[in-house]
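Chains as they are written, first to last, in our numbering: chain A, 1 to 263; chain B, 1 to 161; chain C, 1 to 768.
Hints listed in this document are in silico derivations from the structure and should not be mistaken for laboratory results. None of these values were measured; they are calculated from a predicted model. Cβ coordinates follow ideal geometry from the N, Cα and C atoms, glycine included. Treat the hints with care, as some may be off.
What the simulated footprint calls covered on chain C by chain B, stretch by stretch (three residues with Cβ under 8 Å from a Cβ of chain B suffice, anywhere in the stretch; the number is not a length) [what the hints assert, rightly or not]:
no., stretch
1, 289-295
2, 334-348
3, 651-662
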Amino acid sequence: MLTIREYLRPQTLEEAYTLCQKKSNVVLGGMLWLRMQNSQVGAAIDLCDLGLDTIEETPEAYSIGAMVTLRQLEQHPGLASLTQDAMAEAVKHIVGVQFRNLATVGGSLYGRFGFSDVLTLFLALDAQVELYHAGVMPLARFAELPRQQRDILVRVHLPRSPRRVAYLSQRNTATDFPVLTCAVSRAAGETCCVIGARPMRAMVLADEKGLLKAGINETSIAAFAGDVAARVPLGGNLRAGEEYRRRVCEVLVRRALTEMEEG
Amino acid sequence: MEIKLNLNGKAITAQADPDTLLLDFVRAQGCVSVKRGCDTANCGLCTVLLDGTPVLSCSVLAAWAAGHSVQTLEGLQSEAEEFVSFIADQGADQCGFCNPGFVMNTIALLRENPDPTDEEIRAFLAGNLCRCSGYDGQLRGIRAYLNSKKEQGGAPRGTEQ
Amino acid sequence: MPRVEQNNKVVGRPVRKKDAMRLLLGKPAYLEDVTPAGCLVVKVLRSPHAHALIREINTAAAGKVPGVAGIYTWQDVPQKRYAQAGQTYPEPSPYDRLILDRRVRFVGDAVAIVAAETEKAADRALKLIKVQYDAQPAVLDFHTAKDNPVLVHPEEDWKALCPVGADNQRNLCACGSDSAGDVDGVLADCDVVVEHTYHTKACQQAMMETFRTYTELDPYGRLHVVSSTQIVFHVRRILSHALDIPVSRIHVEKPRIGGGFGAKQTVVAEVYPALVTLKTGRPARMIYTRRECQIAGSPRHEMEVRVRVGADRSGRIRAMDVYTLSNTGAYGEHGPTTVGLSGHKSIPLYSGGLEAFRFSYDVVYTNQQAAGAYRGYGATQGIFAVESAVNELAAKLAIDPVQLRLRNMVREGQTMPAYYNEKALACALDRCMLRCAERFDWEHRRIPRVQPDGKIRAAGVAMAMQGSGISGVDVGSATIKLDDQGGYSLTIGAADMGTGCDTILAQMAAECMDCPVDDVAVFGADTDASPYDSGSYASSTTYVTGRAVEKACAELKRKICALAAELLGCEASDLEFSGRQVRRLDGGGAVSLTDIATRSMCGTAPAMQATCSHSSPTSPPPFMVGMVEIELDPETGSVRPLEYVAVVDCGTPINPNLARIQTEGGLVQGIGMALYENVTTNALGQIAENSFMQYKLPTRQDMGTLHVEFEPSYEPTGPFGAKSIGEIVINTPSPAIAHAIYNATGVWHRELPITPEKVLLGILHKAK
Numbered sequence: 001m002l003t004i005r006e007y008l009r010p011q012t013l014e015e016a017y018t019l020c021q022k023k024s025n026v027v028l029g030g031m032l033w034l035r036m037q038n039s040q041v042g043a044a045i046d047l048c049d050l051g052l053d054t055i056e057e058t059p060e061a062y063s064i065g066a067m068v069t070l071r072q073l074e075q076h077p078g079l080a081s082l083t084q085d086a087m088a089e090a091v092k093h094i095v096g097v098q099f100r101n102l103a104t105v106g107g108s109l110y111g112r113f114g115f116s117d118v119l120t121l122f123l124a125l126d127a128q129v130e131l132y133h134a135g136v137m138p139l140a141r142f143a144e145l146p147r148q149q150r151d152i153l154v155r156v157h158l159p160r161s162p163r164r165v166a167y168l169s170q171r172n173t174a175t176d177f178p179v180l181t182c183a184v185s186r187a188a189g190e191t192c193c194v195i196g197a198r199p200m201r202a203m204v205l206a207d208e209k210g211l212l213k214a215g216i217n218e219t220s221i222a223a224f225a226g227d228v229a230a231r232v233p234l235g236g237n238l239r240a241g242e243e244y245r246r247r248v249c250e251v252l253v254r255r256a257l258t259e260m261e262e263g
Numbered sequence: 001m002e003i004k005l006n007l008n009g010k011a012i013t014a015q016a017d018p019d020t021l022l023l024d025f026v027r028a029q030g031c032v033s034v035k036r037g038c039d040t041a042n043c044g045l046c047t048v049l050l051d052g053t054p055v056l057s058c059s060v061l062a063a064w065a066a067g068h069s070v071q072t073l074e075g076l077q078s079e080a081e082e083f084v085s086f087i088a089d090q091g092a093d094q095c096g097f098c099n100p101g102f103v104m105n106t107i108a109l110l111r112e113n114p115d116p117t118d119e120e121i122r123a124f125l126a127g128n129l130c131r132c133s134g135y136d137g138q139l140r141g142i143r144a145y146l147n148s149k150k151e152q153g154g155a156p157r158g159t160e161q
Numbered sequence: 001m002p003r004v005e006q007n008n009k010v011v012g013r014p015v016r017k018k019d020a021m022r023l024l025l026g027k028p029a030y031l032e033d034v035t036p037a038g039c040l041v042v043k044v045l046r047s048p049h050a051h052a053l054i055r056e057i058n059t060a061a062a063g064k065v066p067g068v069a070g071i072y073t074w075q076d077v078p079q080k081r082y083a084q085a086g087q088t089y090p091e092p093s094p095y096d097r098l099i100l101d102r103r104v105r106f107v108g109d110a111v112a113i114v115a116a117e118t119e120k121a122a123d124r125a126l127k128l129i130k131v132q133y134d135a136q137p138a139v140l141d142f143h144t145a146k147d148n149p150v151l152v153h154p155e156e157d158w159k160a161l162c163p164v165g166a167d168n169q170r171n172l173c174a175c176g177s178d179s180a181g182d183v184d185g186v187l188a189d190c191d192v193v194v195e196h197t198y199h200t201k202a203c204q205q206a207m208m209e210t211f212r213t214y215t216e217l218d219p220y221g222r223l224h225v226v227s228s229t230q231i232v233f234h235v236r237r238i239l240s241h242a243l244d245i246p247v248s249r250i251h252v253e254k255p256r257i258g259g260g261f262g263a264k265q266t267v268v269a270e271v272y273p274a275l276v277t278l279k280t281g282r283p284a285r286m287i288y289t290r291r292e293c294q295i296a297g298s299p300r301h302e303m304e305v306r307v308r309v310g311a312d313r314s315g316r317i318r319a320m321d322v323y324t325l326s327n328t329g330a331y332g333e334h335g336p337t338t339v340g341l342s343g344h345k346s347i348p349l350y351s352g353g354l355e356a357f358r359f360s361y362d363v364v365y366t367n368q369q370a371a372g373a374y375r376g377y378g379a380t381q382g383i384f385a386v387e388s389a390v391n392e393l394a395a396k397l398a399i400d401p402v403q404l405r406l407r408n409m410v411r412e413g414q415t416m417p418a419y420y421n422e423k424a425l426a427c428a429l430d431r432c433m434l435r436c437a438e439r440f441d442w443e444h445r446r447i448p449r450v451q452p453d454g455k456i457r458a459a460g461v462a463m464a465m466q467g468s469g470i471s472g473v474d475v476g477s478a479t480i481k482l483d484d485q486g487g488y489s490l491t492i493g494a495a496d497m498g499t500g501c502d503t504i505l506a507q508m509a510a511e512c513m514d515c516p517v518d519d520v521a522v523f524g525a526d527t528d529a530s531p532y533d534s535g536s537y538a539s540s541t542t543y544v545t546g547r548a549v550e551k552a553c554a555e556l557k558r559k560i561c562a563l564a565a566e567l568l569g570c571e572a573s574d575l576e577f578s579g580r581q582v583r584r585l586d587g588g589g590a591v592s593l594t595d596i597a598t599r600s601m602c603g604t605a606p607a608m609q610a611t612c613s614h615s616s617p618t619s620p621p622p623f624m625v626g627m628v629e630i631e632l633d634p635e636t637g638s639v640r641p642l643e644y645v646a647v648v649d650c651g652t653p654i655n656p657n658l659a660r661i662q663t664e665g666g667l668v669q670g671i672g673m674a675l676y677e678n679v680t681t682n683a684l685g686q687i688a689e690n691s692f693m694q695y696k697l698p699t700r701q702d703m704g705t706l707h708v709e710f711e712p713s714y715e716p717t718g719p720f721g722a723k724s725i726g727e728i729v730i731n732t733p734s735p736a737i738a739h740a741i742y743n744a745t746g747v748w749h750r751e752l753p754i755t756p757e758k759v760l761l762g763i764l765h766k767a768k
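Let the sequences and hints guide you as you build the complete structure.
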């Protein structure tokens, strides 16, 4: 059972940051995962007064506040066109509308959960995270950081540079955790592939062998998909074993790339 | 701690612990239509509208809702009544335990999208589990309600049977 | 052809459920809504071990938590073993339980009971109870349970009340066999024999309202129990056994129930708050968490069913041999009875030309969650096996499985040797099959089709039967009373758990009394007020209790006519009851029902009330056919049900709306069982699927579209020709979907659920 001794709404990021340095204190995201934990929280820090629930648009980037909900991501026209609807595809299978109205971008990314659809897609979008203390860094680097670091995830920035994107996931039921997630994107001639729910946290797999350099076609897609599936570290959990994931990985990469190319 | 919020149009002030969930808070305020079905944010039985948006009250702290407006089925009786009569006509109410959450989320759906397709209905309500009805009767009820609205000169857009 | 009762005014109509609008509008109706919140909160400390003896429990620190009102351990409970299964006494289920035992037998077994003023105090106390366990080796694999040196129930006071082949010294909860003809001889003579073993898991009913009970002492000092239960009378008797107090000191009632599906045919939660109230004298309430429901509930019996079916080359099924190994878990609730249905409600489907059959079984104890009653009650497991085997036989013979079934199925008027030699007086199974094939377009859709995107559409078929009540055992009762203004009160002991039986029984009463349904008020179930009824289970309420309603109405009509005769100064035989009045056949006057009611409440008059019971010597099977089309992705193994067509023979559908919803709900539960709902236990005996996050019920995006039709027959022993519908509807999806997956991939899956992983690896394995 989760117990909370104190509920606080800091009025500044500095205040929030100071509060979260204490080990027993926790920053509230959407509360969805936190409340299932059997933990004793000193202070629950709610960032709701810090204006982080908006998606802002500059010529270069979308700036997504940490308290923006997954449902906001799903319904945002700008993000839909930036990602060719991959944004909605990445979140619409997560439990239900009521859940997605609570789950936040900050919570989803800060947790760096193995099952995260959001982490998978955002890695493929070259997202930058803005941490209050550590500053701006690529999401890929943040994903590698040790979890013990206590910082406040303030916003996420998605560059608006032209990019082709596709997102696919494999699930045992329509709204279950994914068995495997796959996001592919291509910007400035570089193709990147992200595999998540491995069941470990999502990781970026670049086209190291240059298989897609000479052009993206059925043959090169198959070669790249085979290459990714062969080298991505995968494991098993309740939902499926490693062998299944490896097979499906190759299929999802191939389908996602095909979809991306066909637009 | 003291919690002030607007519950079904009424300003209320009540004591709660920092870890009191909105679900338990509104039930203690007499809004017992709000049900607990799972403890893991999977079933949708505890759906309430927070500032008009459907959320799982099992995953919201009462403290978090402070200063906001919360609506439960107790506060939406007249909006719900005509619609639910179509569910009753299908016999799809069954045990009834999931009904309030289902009705709340359907109201949210129809406010956002007054003329949804069957696919849109299934997608929006995917987070509302029902173990009795097999869902089809609920869909038929919603469809019959929307059709009757159209006959009364309501919303246009494509029709599905 | 069926005798269709065109003259019925209320029976056969899609009447709204009487409680529909109040439930849909969220009015207070369920246990937690209608019992006082200020009562003691009861919680149970649960064993972390699959098998252990409690060496010592130290409750001192826990007892000091402010707000704790009591902590009880095995030393504080009566030492008389009992059974928690809601069955007619003497129960076939063994007496193997104590409220708290020194030996704990599965992960989640009760160790101590805590009662506190608040939930927080109870939780804190649970954490502070110090238990020293002597862990014991556990029996976790049900294949090795029988005659295992480790005994789940070594205790000397274990006992079986009925001769069910139980032996606690062999981990046997039951064993037995039933046969006719020379099975081995006929099988040896068959052109083709298919032999396979099929495995189904301990699926959870997952009713949306978890187990819950409230208890208090009433003004007479009796134990007043309000419980979410299907079986108020059995609860009263079982509590009397468990607590060692007389039945006369207990009063049990139920409020609205948030779903049951058989789960609430077992006394799961009741004993804990009842003990607390007896110990403290205070009101107490226990509400199971979803996790408790998943790990310490009363799920379906895990079964492994071996089928041998033999036929000649032309497709005549000649012999069937079924052996079932059933896992009852740590306690024997419903163990000896569920297993019987795995054979008795599968083999008789092929009574057509069957020359011989054998059905044998073992039910074993293991150190896992105790199983119980779940919709289908063993038939579901047996039908998955037998229907799959028949589909495999059809494939081997290269005969259309629909034709194979039409050639061998039981027909109206036939005797079913594997069903206690009962005669199928009403059976439209053949018409169900023909209609289903027509509606589904089986002829075309049975051929798998590869779609442009590579996905494969394929179809599968299965048929099913169930019973209608337990023959010679179940008792249904009804009391009907004439009220002041000519309306009626119908009091029952059956439990409406959402199925609508209150409404269905009121429809029958209204039909009998020639009045609108709204004129019949229904009350139940309450052990102090209701006439005795064994309760709502075994698909009995419409068929058994419905008949009691008919009888009670006939009796009341006689009484009304007798009083009318007095008022009109004639013989009762000169009168006709016509709903709102009773009139002389010769036209010489009439007296209104209101006047009769008024007269019955003034001066001396016989009570205008009748109570009748009914029990049936037979249990007429409903029948059905299900056909499914799936879309299977051969690259990921994903299976999506597209359309399910079901045609059901439940006799007369009393309320077609409610019968349809029963069917649709059962189909979706069956789809869940076939594809999604898994139960996995690790080496320590812990269940992984202990929440709805891990135990995946189908959502409305997972089940495709459903199409349900009825092909009525007329059951002469049922009320208005009705049989049952509640359970049969869960039985076809598993075999039909497994069949469709075979048609798409060429691989038979004999273990449920059939996950995408199993499908894909099956395809790859076959390719090798």
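The hints, checked one at a time:
no.	hint	verdict
1	289-295	holds (count 3)
2	334-348	violated (count 0)
3	651-662	holds (count 5)
The structure shown violates just one earlier hint, number 2.
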